[in-house]
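Number of protein chains: 2
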Amino acid sequence: MALYVQKYGGTSVGSVERIKAVAEKVKKFKQQGHDIVVTVSAMSGETNRLITLAKEVQSIPSPREMDVLLSTGEQVTIALMSMALEQVGLKVRSYTGSQVKILTDSTHMKARIEDIDVQKIRSDLDAGAVVVVAGFQGADLAGNITTLGRGGSDTTGVALAAALKADECQIYTDVDGVYTTDPRVVEGARRLDEITFEEMLEMASLGSKILQIRAVEFAGKYKVPLRVLSSFVDGPGTLITIEDDDNVEKPEISGIAFNRDEAKLTVMGVPDIPGVASKILGPISEANIEVDMILQNVAEDQTTDFTFTVHRNDFDQALLILNNTAKALNAREVKGDNKIAKVSIVGVGMRSHAGVATKMFDALAAENINIQMISTSEIKISVVMAEKYLELAVRSLHSAFELGRKDSISE
Amino acid sequence: MALYVQKYGGTSVGSVERIKAVAEKVKKFKQQGHDIVVTVSAMSGETNRLITLAKEVQSIPSPREMDVLLSTGEQVTIALMSMALEQVGLKVRSYTGSQVKILTDSTHMKARIEDIDVQKIRSDLDAGAVVVVAGFQGADLAGNITTLGRGGSDTTGVALAAALKADECQIYTDVDGVYTTDPRVVEGARRLDEITFEEMLEMASLGSKILQIRAVEFAGKYKVPLRVLSSFVDGPGTLITIEDDDNVEKPEISGIAFNRDEAKLTVMGVPDIPGVASKILGPISEANIEVDMILQNVAEDQTTDFTFTVHRNDFDQALLILNNTAKALNAREVKGDNKIAKVSIVGVGMRSHAGVATKMFDALAAENINIQMISTSEIKISVVMAEKYLELAVRSLHSAFELGRKDSISE
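First to last, the protein sequences are chains B and U.
Just so we're aligned: the first sequence equals residues 1341 to 1751 in this note's numbering.
Just so we're aligned: the second sequence equals residues 1341 to 1751 in this note's numbering.
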C-alpha cells in the first residue's frame, strides 16, 4: 500500500466526461489499496476566460484581486472532481488552498509555498477518504488568497507529496512521458523510462513544457519521486530520479530540447570598460523583460560586442530600449534578429564523456547549419541558429547521438 | 457621513458593463463622504451554469461540494467588482465569506448566519477603503464553505448592516421599489415610499420576489433600515420601516400580492377523528413537499373535507401520495386542481379598520369571481380562485382599495 499524490492538469479535467474518467482511474488505485491525494488545475480554457474578464474591467488588473478571481477555477474543479469520486462510490473530501492551509508568501500571482499543514489530509486519508486539493493556490499569513503562477498546480502536487512524504508524485498530463525530443519534429523520438532531475530541469526550462520548472526544482530539493504519465493512455510514463552516479552507465545525452520563442539582440562596438554589461541590461530588466542567454566575447580594439536573448514578445520593446542605451554608451551599432531558434542537448552523461560538443558541432556542420551563439552548462550545450534550420538540426542531432527507438525505421 | 451596506444582485452585476456602472454609482456615494460596504451575488446565469455542471457529474450532487462549487460565483464577482472600483480610483478590499469570516451553521446549501466578525471590515473602512464582500456564502466553525440558499445575498447584506450597525442596507435590484402590485398586471400600480417589515414579509412570501424572506425577517429582528432601489434608474426606492402605530394614519392595505405557482389538493369525506390531519400531511412532508395553505372546515356527518396547497411542480407527486393516504383512511374521494391562483391583500392598516374583508369579497363578487378558499393572517387576507381570474381580480382589488397613482388614467 502506497501513498500517491496525483496531479491532473487542465486538459485532463477539461470536461465532465474527462473528470469522470479521472474518477474511474482514481478508483482503480484505491481498489489496489493505495491512499490517494488528488490535486487539480482549472478546467482548460477557464483561466483564460477569467483573465479576459479581468482585463475588460481593469486595464492592469490588481494582482490581489486577480488571485481571488483565478483561484475560483481550481475551486470549481475540486468540487466537480469530488462529486465524480463520490459518484463512483468513493469517500472524498475537498479543500481549497486556503482550507488546507497551503501557506505561501504574499507575492500575488507568483507566490511561493512556505508550508503545508497536512493534519486534516492525514486524518481524512486515515478515515479512508480520497482527498482532493485545489492546485495553483494558497493563502498568505493574513489569509489573502494567493496563486503560484501558471503551471503552479505541478508545484502544489510536489509540495503536497513532500509534506506528506508520499511514495510518488504522479503528474498526469496529455503526453505519456518525457521524450528524447519532440515527436512532432523527430518521428523516432523515444519515451525515456527515467531522466534525472537535473536533466529534466534543463529540458523543462528549454521549452519541453511538460512540467513547471519550479515543481521539478522542488521535487529535486525534497527528493520527491516524480512521474510524468498520460491521463488518457495507460503506461509507466517517465520517472524523474535522483542521480545515482555509481550504478548506471549513463548515455552521453538524454534528450534534445528546443525553443523558438526567443529573439537575439546585439550591441556592437561598446567601449570595453567595467560596468558596461549592467548599463546595457539594467534598463531591460527595469522594463520587466526577462533575459535568457547573455554572451560577451573577448574585446578587440578596446570595444566589444554584447549579445543577449529575450522572449520574442519582448523583442520590439527591448530593441527600443537598447537603441537608447547604445546612444548613451556611444556604441557603434545595434542589431536584432527575431528569427532564431535555440537547440540544446541535455544529459548528465556529458560530464564524464569528452567530445560531446565536438560531436554536436560536427553533426550541425554536416548539414551546413551555421551556429550563431553557443552557451554551455555542466549538463547542457545550447546553440542558437536561424529558425529555418530548427527541425533539420534536431533530427540530425537525434540521429548523431543515437537517441531513437531501436525499431524505428527513420533512425 | 453615513455607513451604507449596498447589495447588488445578479442582474446588476450581470456583465462587465454593469459591474462598471455599479462602480460609478459607488464612487458617487464615496464622493459624498459615505462609507460603503458592497455585497454582491454571482453574475446572472453563473449559478445555473454551475448547477448544470454538477448535475452532469453526480446524480444527486453532494451538498458540501455544491457549496464549494456555487461559492465561486460570488468570488468571481467580488474580484471583478473590486477591479472596477480600483479602476475608477477607489481604494478597495475584497473578502469571501470565509475570509470575513461570516460564521454559519453547517447546513450546506441553506446555512444560517450565526456571527460576523467585522474587525477587518471596520479597519478597512477606517483606512478609507470600499469593502466588497461575497454574498450568499460563509463558513462553518470547521472552515467548510457554506451557502445560504438562493437569494441569500440579501441576507448577507442585512446581516452585514446589522453587524456593522450601518445606517441603511440598500438592496439594488432590477425594480425601482416595492409596488402596490405587479405593474405588468395593473398599469396604475404605484411605487410605495415606505412599507412595514410585516407587510413586506407577507408580500415577499406571497410571490413579490423582490427580497428574500429571510433577509426581511433578519432586518426586522435587528431593526436594520432596509431600502429597495433600482441599480439602473436613480430614485428613492422603497424604505422598509419598523411600524410606528401612533404617528401615522395607515391606509387599509398597502399592496396586493399574487401567486400562480400553487396547486390545490382535497381529500373529501375523511372520518372526522383526531390525528387525521397529521396522517394526511405526514407522508407529504416526508416526501419533502412543502405545504402552503391548509384548510379544514367544520365536520358534517362525522366526515370532513381537508384541503391544502403545494407548489405546482409537486402536484403530481402529492396527488399520488394523497391517493394512497386516502385509501388507507377510507376517505371518499381525492380532488386536485393545478389551475388555481392565490391573491392576497396585505396591510398593517387592516388591523384597525373593520370591513376590509367585506370590501375584498364585494369587489371580487362584482366581477363574478368565485372564491374557492380563504385564509387570513393578522395583516393579510388570501383567496384562492381559478387561475383565469387572476388579472381581473388583482385589477379590481387595486381599484377598490384605491392603490393607484393619483395621476393615473387607468384608475
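Check before you lean on any hint, since a few could be wrong.
[Stated by the list, open to error] List time: in silico BS3-like cross-link candidates among lysine-lysine, alpha-carbon distance up to 27 Å: (1) U/Lys1360 with B/Lys1395; (2) B/Lys1360 with U/Lys1460; (3) B/Lys1441 with U/Lys1441; (4) B/Lys1368 with U/Lys1441; (5) U/Lys1395 with B/Lys1365; (6) B/Lys1395 with U/Lys1395; (7) U/Lys1441 with B/Lys1460; (8) U/Lys1395 with B/Lys1370; (9) B/Lys1450 with U/Lys1450; (10) U/Lys1360 with B/Lys1460; (11) B/Lys1441 with U/Lys1450; (12) U/Lys1460 with B/Lys1450.
Hints are computed from structural coordinates only; laboratory data are not their basis.
Comparing the hints with the structure gives:
1. U/Lys1360 with B/Lys1395: Holds, at roughly 12 Å.
2. B/Lys1360 with U/Lys1460: The given pair, whose Cα atoms are some 41 Å apart, is violated under the 27 Å limit.
3. B/Lys1441 with U/Lys1441: holds (16 Å)
4. B/Lys1368 with U/Lys1441: It is violated: about 39 Å lies between the C-alpha atoms, which goes past 27 Å.
5. U/Lys1395 with B/Lys1365: Answer holds: U/Lys1395 to B/Lys1365 is near 21 Å, not above 27 Å.
6. B/Lys1395 with U/Lys1395: Roughly 31 Å between the alpha carbons, so the hint for B/Lys1395 and U/Lys1395 is violated.
7. U/Lys1441 with B/Lys1460: holds (20 Å)
8. U/Lys1395 with B/Lys1370: holds (24 Å)
9. B/Lys1450 with U/Lys1450: Outside the cut-off at roughly 36 Å; violated.
10. U/Lys1360 with B/Lys1460: Not OK: U/Lys1360 and B/Lys1460 at ~41 Å, beyond 27 Å, violated.
11. B/Lys1441 with U/Lys1450: Roughly 25 Å separates the two Cα atoms, so the pair holds.
12. U/Lys1460 with B/Lys1450: Holds, at about 25 Å.
In summary, the numbered hints that this structure violates are 2, 4, 6, 9 and 10.
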